[in-house]
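2 protein chains.
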Amino acid sequence: MRDVAIIGVAQTKFGELWSNSFRQLISDAGLGAIEDSGVGGKDLEAMFVGNMSGGLFVQQEHIASLIADSMGLLPIPCTRVEAACASGGLALRQGIMAVASGYHDVVVAAGVEKMTDVVDATPAIATASDQEWEAQQGATFPSLYAMMARRHMYEYGTTREQLAMMSVVNHMNGAKNPNAQFRNEITVDKVLNSSPVADPLTLLDCSPVSDGAAAVVLCAAEKAKEFTDTPIYVRASAQSSGTIGLHNRRDITTIDATKVAARKAYEMAGITVKDVDVTEVHDCFSINGLLAIEDLGFAEKGKGGIALEEGQTMIDGDFPINPSGGLKARGHPLGATGIAQAAEIVWQLRGDADKRQVDGAEIGMTHNVGGTGGTCAVHIFGRDKN
Amino acid sequence: MRDVAIIGVAQTKFGELWSNSFRQLISDAGLGAIEDSGVGGKDLEAMFVGNMSGGLFVQQEHIASLIADSMGLLPIPCTRVEAACASGGLALRQGIMAVASGYHDVVVAAGVEKMTDVVDATPAIATASDQEWEAQQGATFPSLYAMMARRHMYEYGTTREQLAMMSVVNHMNGAKNPNAQFRNEITVDKVLNSSPVADPLTLLDCSPVSDGAAAVVLCAAEKAKEFTDTPIYVRASAQSSGTIGLHNRRDITTIDATKVAARKAYEMAGITVKDVDVTEVHDCFSINGLLAIEDLGFAEKGKGGIALEEGQTMIDGDFPINPSGGLKARGHPLGATGIAQAAEIVWQLRGDADKRQVDGAEIGMTHNVGGTGGTCAVHIFGRDKN
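Just so you know, the protein sequences line up as chains A and B, in that order. Counting from 0, one number per residue, gives the positions in the first sequence under the working numbering. Counting from 0, one number per residue, gives the positions in the second sequence under the working numbering.
Check each hint, because a few of them may be wrong.
Any copy, or any two copies together, can satisfy a pair, since identical chains are not distinguished.
As the list claims (entries may be wrong) - Below, a list of computed lysine-lysine pairs in the DSSO-like style, where the Cα atoms sit at most 30 Å apart:
#: 1; residue 1: Lys-222; residue 2: Lys-263
#: 2; residue 1: Lys-224; residue 2: Lys-354
#: 3; residue 1: Lys-224; residue 2: Lys-258
#: 4; residue 1: Lys-41; residue 2: Lys-263
#: 5; residue 1: Lys-263; residue 2: Lys-224
#: 6; residue 1: Lys-300; residue 2: Lys-222
Hints are computed from structural coordinates only; laboratory data are not their basis.
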């Protein structure tokens, strides 16, 4: 199995991008990453794209062909990967396998979603849950995550204020990220008093509906230095599945797919959670950020809220989480998120993250969840190969 | 790069399967292939599923999680791959890369589509074309392929009767396939006199709307004999992209993606087209079967019609094509097709194809196209490793 490095990254601004089409967004991100990598057109051998629902959001499937065509990459193979909000993380993983296998030397892994071209994004997003057992019964994603939050509060005494801190820290960091959808700081009071969405979650506990794209260029590690002086190495790529429906889970305050993927990733990288300097977690709702802190092993089960309250997740805290602003503040164009997380970690490990830089970060991790935990991808990256 | 073998295959019956749900179909195929392979539950490490549009056909995305859950495979990673009608071929390719890379030893590659739960499948199918430049202007797939057929007739003197022979031979073979949607033989006259769909194509030039699923179990070649006495080896996996829109093509009587993928596949397998004993081609419309005969190199450009007319593609002909009945007679549940093609080739190379057996077949090939040629996957399989 060959080692793999990331040699280029790019992200469009995330937001309500009315004047950018689906194909424009992904082309901007893809070509941006290629430019950042210094790779010439002839070196690029394949592309993998994460996208949750081109079909329901922009009435376009077969998007990999559309993208290869729009970006002028014909005739290279281009493949779309889908796993709801973890589509980007899985596209990254397919790109890594393509290089690790020797099938390709240099590939792009990208993600894109254009969510604001429909009147209501809710029915499309709901297709990430079990359609027959959840969505058709009226369950939406805020309501599913609200149940997880309520149960966590009941089981562990987690407070409403602790949950709100996830959003507060995200906005604090997002304010420093030029590509973030929201760049305003908020307070715990503001989160608590924003519009109720699904009790106990309010508007400011929820990531937004976003348009955007991100891309990274992957290269066989042995060739990375031909293109860049600062390759960032893929230390681990792990993925796991959990029940798609919440009702089938042994415990709705734990995401087993996160735990399994994290365990595999630490093993593959030969590290423990203590070695991780910076992490991007999947905070589609504040409660999922809190669960990630616990399920990835940063805090004991039930203690995630305390960690948030004490500021341990801040950029200068014990284990910095979401320096990018996370899904809440950077925005959450579903298929793009897993790739944007990887791009942020690359910027952090290169020391290029400007005002949101985690000092001396050498090992970084991404955590990308589909649905309420039906899929989880965990990747670990390092300045050094091992 | 490790060699990869197929050690188990299965296919559900294809057809209008009103009483089988999406999750039931894929579970039946997946578990069937696992049973055929002799692999135990603990040996299985990952699954890849091709599906074009769970979102538009059954309002379900995140299908890989749903499937891992329904099949009782948790917590193994499960990944959906989409490339319109080539989704199955690309899922196969991702599975091959996962094993070739060393990430996994034993994986399932499957495909599924449930198309009959919507009143009209046409708008969903049209998302495989360029939505903005084709579908929104009223172009449907029969009309796009009709233009390709008309032009081929104009350029090369191909006759309506020659095109019809593609369907006649497919039905002749499908009649012998217990899993085929249509098992009745037809005549050239019957094709010519069936309902017009998009001139010159009639109903019997067009593959049907189908439900169904298929699966194969892939294994590192060095371990294949632990599970089966008759592994079939993957000799080549190649993929290429072409323009998604017909209007951007240099020549609409040639599918460049097929030509590029075929050239790569022959090179990888170290063979020429003359070495191929049996082939499954993507005859979504009769004209695409004819183009495949030319673009894969079985006949010179413009001579595909003559080859059909002379019976060269029959099971006992010079280069047998679609012993399964092809998309036309076996049926075409979009995401399942690429995998069903591979399953048929495995049965052929094992000598298990019963009345549709191509005598002494040792090397087989599959040709899976997305849209009008925006994506093409070509795989070559052999009884021997090389």
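Verification of the supplied hints:
no., hint, verdict
1, Lys-222 with Lys-263, "both (26 Å within a copy, 23 Å between copies)"
2, Lys-224 with Lys-354, "within (27 Å within a copy, 57 Å between copies)"
3, Lys-224 with Lys-258, "neither (34 Å within a copy, 34 Å between copies)"
4, Lys-41 with Lys-263, "between (35 Å within a copy, 16 Å between copies)"
5, Lys-263 with Lys-224, "both (28 Å within a copy, 28 Å between copies)"
6, Lys-300 with Lys-222, "neither (42 Å within a copy, 40 Å between copies)"
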